[in-house]
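Q: Chain A is fixed; fit chain B onto it per the hints.
Protein chains in written order, with numbering that gives the first Met the number 0: chain A, 0 to 123; chain B, 0 to 596.
Hints in this document: simulated from the structure, not taken from any laboratory. For clarity, every value in this text was computed on a predicted model and none was experimentally measured.
According to the in silico footprint, chain A covers these stretches of chain B (three or more CB under 8 Å from chain A): (1) 82–93; (2) 249–257.
Think about it this way: if two alpha-carbon atoms lie no more than 20 Å apart in a straight line, the pair counts; the simulated DMTMM-like pairs of lysine to aspartate or glutamate are: (3) B:Lys261 with B:Asp186; (4) A:Lys4 with B:Glu251; (5) A:Lys4 with B:Glu148; (6) B:Lys595 with B:Glu546; (7) A:Lys57 with B:Asp37; (8) A:Lys4 with B:Asp255; (9) B:Lys388 with B:Glu375; (10) A:Lys11 with B:Glu131; (11) B:Lys144 with A:Asp14; (12) B:Lys334 with A:Asp25; (13) A:Lys29 with B:Glu39; (14) A:Lys17 with B:Glu330; (15) A:Lys17 with B:Glu131; (16) A:Lys4 with B:Asp271; (17) B:Lys556 with B:Asp574; (18) B:Lys38 with A:Glu55; (19) B:Lys388 with B:Glu406; (20) A:Lys57 with B:Glu39; (21) B:Lys38 with A:Asp54; (22) A:Lys17 with B:Glu62; (23) B:Lys556 with B:Asp576; (24) B:Lys112 with A:Asp25; (25) A:Lys10 with B:Glu148; (26) A:Lys4 with B:Glu131; (27) B:Lys115 with A:Asp25; (28) A:Lys10 with B:Glu330.
Don't be surprised by glycine CBs; every beta carbon is placed ideally from N, CA and C.
If you want the building blocks of each chain, they are given just below.
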Amino acid sequence: MPVIKSIEELKKIRDQAKDAINLRVDNDTKTRVVVGMGTCGIAAGARQVMLAILDELKKRNITNVIVTETGCIGLCQYEPLVDVIQPGQPKVTYVNMNPEKAREVVVKHIINNQVVDEYVVPNI
Amino acid sequence: MEIYRAHVLVCKGTGCVASGSEPIFETFQKEIQKKGLDKEVKVIQTGCLGLCELGPNILIYPEGSYYCQVKAEDVPEIVEEHLLKGRVVQRLLYKEPDSKERYRSLMDIDFYKRQKRIALRNCGVINPEVIEEYIANDGYAALAKVLTEMTPQEVIDEVKKSGLRGRGGGGFPTGMKWQFAANAQGDIKYVVCNADEGDPGAFMDRSILEGDPHSVLEAMTIAGYAIGASEGYIYVRAEYPIAVKRLEIAIEQARDHGLLGKNILGTDFSFDIFLRLGSGAFVCGEETALLASIEGRRGEPRPRPPFPANKGLWGKPTIINNVETYANIPEIILKGADWFSKIGSEKSKGTKVFAVGGKINHTGLVEIPMGTTLREVIFDIGGGIPNNKKFKAVQTGGPSGGCIPAELLDMPIEYDTLIQAGSMMGSGGMIVMDEDTCMVDIAKFFLTFTQEESCGKCPPCRIGTKRMLEILERITNGEGREGDIELLENLAKSIKASALCGLGQTAPNPVLSTLRYFRDEYEAHIRDKKCPAGACKALIHYEIVPEKCKGCGVCTKVCPVQAISGEKRQPHVIDVDKCIKCNSCYDRCPFGAIVKK
Chain A
0 MPVIKSIEEL KKIRDQAKDA INLRVDNDTK TRVVVGMGTC GIAAGARQVM
50 LAILDELKKR NITNVIVTET GCIGLCQYEP LVDVIQPGQP KVTYVNMNPE
100 KAREVVVKHI INNQVVDEYV VPNI
Chain B
0 MEIYRAHVLV CKGTGCVASG SEPIFETFQK EIQKKGLDKE VKVIQTGCLG
50 LCELGPNILI YPEGSYYCQV KAEDVPEIVE EHLLKGRVVQ RLLYKEPDSK
100 ERYRSLMDID FYKRQKRIAL RNCGVINPEV IEEYIANDGY AALAKVLTEM
150 TPQEVIDEVK KSGLRGRGGG GFPTGMKWQF AANAQGDIKY VVCNADEGDP
200 GAFMDRSILE GDPHSVLEAM TIAGYAIGAS EGYIYVRAEY PIAVKRLEIA
250 IEQARDHGLL GKNILGTDFS FDIFLRLGSG AFVCGEETAL LASIEGRRGE
300 PRPRPPFPAN KGLWGKPTII NNVETYANIP EIILKGADWF SKIGSEKSKG
350 TKVFAVGGKI NHTGLVEIPM GTTLREVIFD IGGGIPNNKK FKAVQTGGPS
400 GGCIPAELLD MPIEYDTLIQ AGSMMGSGGM IVMDEDTCMV DIAKFFLTFT
450 QEESCGKCPP CRIGTKRMLE ILERITNGEG REGDIELLEN LAKSIKASAL
500 CGLGQTAPNP VLSTLRYFRD EYEAHIRDKK CPAGACKALI HYEIVPEKCK
550 GCGVCTKVCP VQAISGEKRQ PHVIDVDKCI KCNSCYDRCP FGAIVKK
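For reference, chain A alone in the conformation it holds in the complex (with noise of 0.2 Å):
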């Protein structure tokens, strides 16, 4: 273990462990990421697409995004589904997402805020 001998040591590895704790901490205040995982969203394929968009964030070192998972809305043909829920912003709803489309998401709009319209739920 490595002897902390500053103050910006100190900082250093508490920067590093924040994101450890990060996720038992304000998360009113996180982008929320829900993936379908009702027998419907299993099927299609959400599971992939989670572990996708997990990859992804931990690729860019994105820490303050939480991904979470929920029942079937009865959209059951276009799943699977995902929401982006950003602070203060309406839900977004992506629909027939598979692990490309899914890391689309998270660079476009997760990190750049620009909406992928493309894929947004139609109305139907």
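A: The following block gives chain B in isolation, referenced to the frame of chain A:
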């Protein structure tokens, strides 16, 4: 580093370990592995969450879902439903006793909503065995601030300004204690932590040591810098094995990280901390007895002055503070004395942790701002009295404290108001009593405790408490005499005035406070040979009310001595000569036909 989408926090405080959280922790790890979620979901052990009664307690983030009374068999369902499919397991969620609603998040619950957690800030939030988690929550930042930006005197001034008073019982201003030790002449000085928590029913210090041991280490190091000490001792009871283990791990980690030892954080300041285990003598919580015990001598108090600040451990200037007092220090340094002194009431600043127990719905640990009323703690946070019974009194301050009656429920909790009411803050035990509790019996219980724990060094405590106990015993046995009450009062006054240490000086308090508020109960015992609460066995007998008895025969089956007889469907009778007053029939009668008289 790995990013996890969910954290499962399993409480591994003593309460939850006792109700079985260890197998749950292991089952979570196994099940998560089995489902291939181990890269996404992390299982973490944590300290006491406070609602010990409902343990084993589990928290799942990011939702903050709070599952209580979980069994190992429930774990596969939680993993499958909640962690894999995102469906919260409704049936295991916490629900308020008076409503059907189940709460998804811990922070929505009344029990937590009304609390303010400073000393318990990390308990149930971080893994106490991982120093990085403490550092992540600004741990050791206060120490860094002190060592680089503040002079020792500035540290003492900040603590003084905060208005922090000792949380172990006496309520002495912490900053002043530090000032005395800083001013005392001496080449070597010591910092001591009193973790010899002995009051029956009090367990806040244990929970802090188990849930956040680094906060105490950090605060002791700050205190060492403030008074010019280079060594600290934690005197902790050997009956707290989990606390001892976590302290050992924490000290080891702090040394490895250079946060204890030579040249802390690259400065000239060096400080180290050692553990000393107590063997469970109540008197060793008294500071001079505690010091004697650390030195390897018999744990007996000595007269003060000289106070430990001038002549303490091995005759050197020493400060002794309680665990909870220390746990407040890092927050005071980081957020400032002004922030702290705005919390609480005018004369009592900050918060206080109480271990609430007895006849109450939520047995557990609560931290509230000073000045909160007893009613709020007992009814709003504690959930009130179970089984629709009536509140009778609350005992605070442990064996040194007193009983506070229902008329004073709206009294704010402060050091001074409690003393005016004939009780004291003490270390924070809070035992709630309902109408079935006999106040003479309670006084006897506490006096039995102090009498047993009296070290025997001074006669007022050794002999005086024994005589008082004998009088209480004869009163509860129905052999009380006229004049006993006055005799008790006389003895109590003499013992208070002449005992050597706090144990003896406060031992009569439970008797005096019950005499003050419940004198009629004493009189009923002595004159009418009756126990109004129906608790003193010698003074009650059981009867069956013929109008209510349906002759079902349940009582005849549970009676261990065949004292109940009667025809089927006819009212039964109890043979008082045979009855051993075991209460079995009273508990089991489905019609409430059995009464105590």
